[in-house]
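Guided by the hints, dock chains E, U and F onto chain G, whose structure is given.
Here's the letter readout for the chains.
Protein chains: 4
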Amino acid sequence: MEYATQKLAEEKVFKDPVHRYIHVQDQLIWDLIATKEFQRLRRIKQLGTTYLVFHGAEHSRFSHSLGVYEIVRRMVDDVFVNRPEWDKSERLVALCAGLLHDLGHGPFSHAFEHVFDLDHEQFTRRIILGNTEVNEVLSRVSDQFPQKVSEVIAKTYPNKQVVSLISSQIDADRMDYLQRDAYFTGVSYGHFDMERILRVMRPQPDQIVIKSTGMHAIEDYIMSRYQMYWQVYFHPVSRSAEVILKKTLERAKFLYKDGYDFKISIDHFTSFFEGNVKLADYIALDESIIMAYFQFWTKEEDAILRDLSTRFLNRKLFKFTDVDPAKDWEKLVQLEKLFDEAGLDPNYYLVMDSSSDLPYDFYRPGEEGERVPIYLQLPNKDLSELSRSSDIVDAISGKRRTDHKLYYPKDLLDVNNPIHERIIAILDA
Amino acid sequence: MEYATQKLAEEKVFKDPVHRYIHVQDQLIWDLIATKEFQRLRRIKQLGTTYLVFHGAEHSRFSHSLGVYEIVRRMVDDVFVNRPEWDKSERLVALCAGLLHDLGHGPFSHAFEHVFDLDHEQFTRRIILGNTEVNEVLSRVSDQFPQKVSEVIAKTYPNKQVVSLISSQIDADRMDYLQRDAYFTGVSYGHFDMERILRVMRPQPDQIVIKSTGMHAIEDYIMSRYQMYWQVYFHPVSRSAEVILKKTLERAKFLYKDGYDFKISIDHFTSFFEGNVKLADYIALDESIIMAYFQFWTKEEDAILRDLSTRFLNRKLFKFTDVDPAKDWEKLVQLEKLFDEAGLDPNYYLVMDSSSDLPYDFYRPGEEGERVPIYLQLPNKDLSELSRSSDIVDAISGKRRTDHKLYYPKDLLDVNNPIHERIIAILDA
Amino acid sequence: MEYATQKLAEEKVFKDPVHRYIHVQDQLIWDLIATKEFQRLRRIKQLGTTYLVFHGAEHSRFSHSLGVYEIVRRMVDDVFVNRPEWDKSERLVALCAGLLHDLGHGPFSHAFEHVFDLDHEQFTRRIILGNTEVNEVLSRVSDQFPQKVSEVIAKTYPNKQVVSLISSQIDADRMDYLQRDAYFTGVSYGHFDMERILRVMRPQPDQIVIKSTGMHAIEDYIMSRYQMYWQVYFHPVSRSAEVILKKTLERAKFLYKDGYDFKISIDHFTSFFEGNVKLADYIALDESIIMAYFQFWTKEEDAILRDLSTRFLNRKLFKFTDVDPAKDWEKLVQLEKLFDEAGLDPNYYLVMDSSSDLPYDFYRPGEEGERVPIYLQLPNKDLSELSRSSDIVDAISGKRRTDHKLYYPKDLLDVNNPIHERIIAILDA
Amino acid sequence: MEYATQKLAEEKVFKDPVHRYIHVQDQLIWDLIATKEFQRLRRIKQLGTTYLVFHGAEHSRFSHSLGVYEIVRRMVDDVFVNRPEWDKSERLVALCAGLLHDLGHGPFSHAFEHVFDLDHEQFTRRIILGNTEVNEVLSRVSDQFPQKVSEVIAKTYPNKQVVSLISSQIDADRMDYLQRDAYFTGVSYGHFDMERILRVMRPQPDQIVIKSTGMHAIEDYIMSRYQMYWQVYFHPVSRSAEVILKKTLERAKFLYKDGYDFKISIDHFTSFFEGNVKLADYIALDESIIMAYFQFWTKEEDAILRDLSTRFLNRKLFKFTDVDPAKDWEKLVQLEKLFDEAGLDPNYYLVMDSSSDLPYDFYRPGEEGERVPIYLQLPNKDLSELSRSSDIVDAISGKRRTDHKLYYPKDLLDVNNPIHERIIAILDA
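Protein chains in written order, with full-length UniProt numbering: chain G, 1 to 429; chain E, 1 to 429; chain U, 1 to 429; chain F, 1 to 429.
No false leads were mixed into what you were given.
If chains are identical, the list can't say which one is meant, so a pair holds when it fits in one copy or spans any two.
Below are the BS3-like pairs computed for lysine-lysine, each with C-alpha atoms no more than 25 Å apart in a straight line:
id : residue 1 : residue 2
1  : Lys405    : Lys381
2  : Lys405    : Lys211
3  : Lys381    : Lys160
4  : Lys7      : Lys319
5  : Lys12     : Lys405
6  : Lys253    : Lys263
7  : Lys316    : Lys7
Rather than coming from a laboratory, the hints here were simulated on the basis of the structure.
So here's chain G without its partners, still in its complex pose (with noise of 0.2 Å):
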């Protein structure tokens, strides 16, 4: 039998706190759930640094994988499945898409990202294209298979219908970590009725339309993904740890470059400190292992990344002050001078950091580059962009609120120490 077709003597379940149930009919599927590169994602923090502060939050980015292929098989099993708009060949493509869509991702990753200047997306792009297993997985149903599904999760697929389940404002992707990261954290808000929006999607020829029936149920879900921003994902506590994360990999590729000599080889981080990463060396990299080195780092000759790499293990956070970098740039200029002057180096110290640097954006219908807006269908059959429609929507979409906070070790502050006691002045101003 053809193995695209293959199906398993019996359906397979994952029990799943969100959706009670993961299905699993394809043999292509479950073999790829049995890769290592995706076995991987168990090692990987959905949220990152977020446990730190809502200490329910410890799922994995393989948890939300298979949370994303389940709506996607939702949608192409159950919903769209009897209507003409929707092409059933696309199936497969759909559900591997949905499920491999952050292979890719790193420990850590949008701090680990930003410190070695790297894309999450084309290393997902090279595990589905690599000499990987799961490219001999995927490989199986065709040669041109894995790039078909390395397609859509770019956004480069020709058929915008099938890139536009994984990937637009209402997407799987979003309509599970939305859901499961609210579970995890135990918040009362990111919960939205996901049977009735999948009962009003209804596939057009490049993107999929929201029966305008279903308005409220999208308002809801708008307004959960705004509370799930402001509330989780841009909590400043989080991003405090967020920040000592960043600087403790920055002083070690620091001293790396300096010829410092580490007690413990850092064999696993050499090529991302030269800039010349390998696929191995990047799939051997997951959070087990940079918790394993912070915990080596403690033992470090080195004051700052002992300090920094303590810090984060031990929850030793930084404290914040809001801060606003047009109105406040004297100050700034005048702390850097004084934490060099107390020892205490600014590069590492005294950190500012702004939201807008997350990966998360809220529904921007209209900017350049952003994803496709939600589009209404009416009774006539005609589309309205949905913040026309909806005053919530209207209300809330397109504001990029600033929000830049400057981090500082204040436990490092000694009141008794002059140049310490005119920092403090400045900071609580």
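Just chains E, U and F now, kept in the frame of chain G:
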């Protein structure tokens, strides 16, 4: 102000998916949570290898410890506070014992203790009484305070009421983990009416008893335990992962003793292999270190160490078959011989595992060495042991179901190899 | 187009708190729901007098009937559809039987049937086969169709597979009411994993069996039943309300027979008092009519009718004491005499009620006249009756707990009256 | 002991699906719940005709009233108890006002008040101050106590803090009904983090303000209100049922005034038709009486009364079309004429209904006669009105969406009748 009675300026809360919020009012509790020994519990999963079967079960002992603390807090602050049988001066020692009861757990606790012949309760004691941040904080209350907390956890504390809050057939520990493990795995059992159980708890001179009107809520709780044990805790596939974990560690230990030359230094393990574990070594060894070493070992020369560690990381588990050691004795001997002949070392590749080895038990009133049974307080104030009043509890208590399974690497057996063929024939019989 | 296969232009849904949505695709189902006989079920509570104890239990048989339909729909459309053992031509008759199985329930069904010696199953049949809107709709399918639906509900239908979907130890009826009653009362039992149970159901020639891997889910379901019975359905206080309800109706009937002159005409009750109930009279008598008459009766001359109806409306219930008719026989005789002496007619004010009179039962395999027991299908396809495989089920099945209670109006007893004093002494003993 | 401070021997609880348990410690509260006027609320649905659209919405004002009491109890006993700004002597009057605030609601409250020009708030006052069981119980506290409770509900009580617990933009009333109505309808909005809102409430001299850190929880609550209004409370189909209900009552009143001879005496309605309602008549008229009369009226000679009452009972509702009275003025005049010509009395069969007639409103700070807006308390203790800080709230507050619908009996229009044909043409345009 005395440290013991010092309150935070404003109550602090942790968002918790199980109890909604964890409430902290005492400076002491706040300071304990901030210690590095308590933060370390974030790096130890609550359910060991279970996440390889129930992918949601990625939660840590950190979350669970906060949950136990919160239940104890509700008992002493909301339920017992106005009952004359409860000694209010025990409040703080009870809260600390609840919070710290799992402090000494090692990575993948049960497997780890087994291989290195360690006892997590002893390490909890050593952390509380030793040269640690936790000890430093507890000692601020009084010189004797760490000792008192340690005794409650060791069940040797004179006031058995306090002990029973943490360690009895219906204690804060079990009430938290059943609900928490159910929440994170997503299974539908594990739920019971804790609100009602708290309301019907009655402190007695040396234990906590249950008002008999609450019997059905208790039955429900006992049933939850029963279902969680068979469905989650004893799940044969997570036991397969545990078997591989143990065997990997055993192989590493064997190689070390044998003078094997590890490519990457195994400093973190030396004292464990030597059977001479220092407190600092113990605290340093968390699950990220274990997982990092397992990755290192996938590159080792030794074929067994390499194979086993790779299996664990990539979830290539052993298959299993039910076995009755009494009846199948000859078969087992024969299999050992055949494995030897086939070049598969039976010490690592043919492993019997019994559920009764696991650190869970059912409700078994009356067995020596067991926890105090649950007593119902009848309207006339007489006490009646639960299984005498409840048919359901009677039905499931005291029955130790034997469950032996034989684990082996089915993927290594080749039907075309005659020895393998004989092995397969025996295993499939 | 044939009516039987006519689909709605677009699927319609009802929002349902238990199943999220009830899905309707068939014109026939849509038309049945719109009949006046089905709409009448909105005016009959699912749990009779239980709302006087669990205030949330105000839900109607209308909701429950939709729920049973939905579960049958999921069985036949999602689970059985591709199994050769299932005869697809039975789909429609199964859906209709699920929807209509409770159609003949009268107001406060059990008490009502008891007083007037009626049988709701017979009235279900009469409504389906008689001159009604429901019959008119069903007949559009075919002349024989109403008869077929009626036979499924009466359990006389030849295809026992179909019967067992609605009436067996684990049917759609029970699966809906356990979950629904738990939801509306707010109790914490009543939950079980219906998704999993549906997945492990296997149609067999004359019944539905359960794949043995689903045993624990079934145990959980049986336990839910057990807990719901003792905690909700047999609650002694809602039985007190039922006692008063029955006695009020009995008094009204007695007065009618006795030629009493009612202030407001009792037209709606005449044929019930005469024992000669016409279908139209039956359909007209819903709970709003009963409650209205009870209000009318609070203004009647007859002291007993006035007192009892006022008690019911204002929830001034009888108190109760446990009684063992075998042992307490003499006491009961004595109490009757004393009530007579005290001017409290014991026919109305001293009432024994036994839980075994209630229309619920536990799991009792093997008793004659009982529903077919639950069979597990072992891996070798043999069948094994559930209580043989499950210790828990074995423990609670077949045990008929005797629960007799004596109800009386404690508020009418005056400690200063010597006869009352003697009554109180006996009751409190 | 003084009645006001009398506690129950043991706390009593009601199981509640929304708040888990309702806790009662005061003898006074227990006695109020047992009065016949409070028990009457069991016979009045919380959401009037909404159950004809959301079948789960069969819950009563009894449940809601207990829920409001419970929220007030949590505010005063858990949250405010140790805040100096809160006057503890107001505890009891606050609890009673919360419990009794809806006491005067009539059956299908809004429609009923409209037809008979009544005001439920006035009847709440009359029940509390009149010759009732409720008044008798309240008077046990002190002669002035009923008056005080009545003033809190009437918002004329001097201490505005107390008033605002029951009647403000974020009071116990709204927090209960949003959650409760969401629970019983089963919709996915209506959820917000009440625990957090309670925690950030701060009593001020004449109102309750919100700590600004809780802004997002308040936004979520405002959004819940918004969604519940448009999705549930203003649902066009339940408004259709309400239109028919009103028109039935209007027809009965018209016939009475006209000297029509009713078959069954309409005693219960006489004083309502006369516009001269006595308290006892009001209390006697609950929804079971209304529904019983509707059944009686399905047998009346008058064709309009018969048709309308039958429609309501059997849910044969009117259809509707959107209409803009300003623009469609001529069309409406024309339709009226055509309905007259067609023999369909437009007073009963062509009805315009506007959502702004409904007793719900959005958050509208600043409009005269409106409730006090929500104030955030900034870290510097300044107050800031919510919509100034929140983009979302600003977007939806103050916008009164016009929603006019024209209801008519589509089923009575016959395409083959030329007049009907013209009507249909206009309505479909």
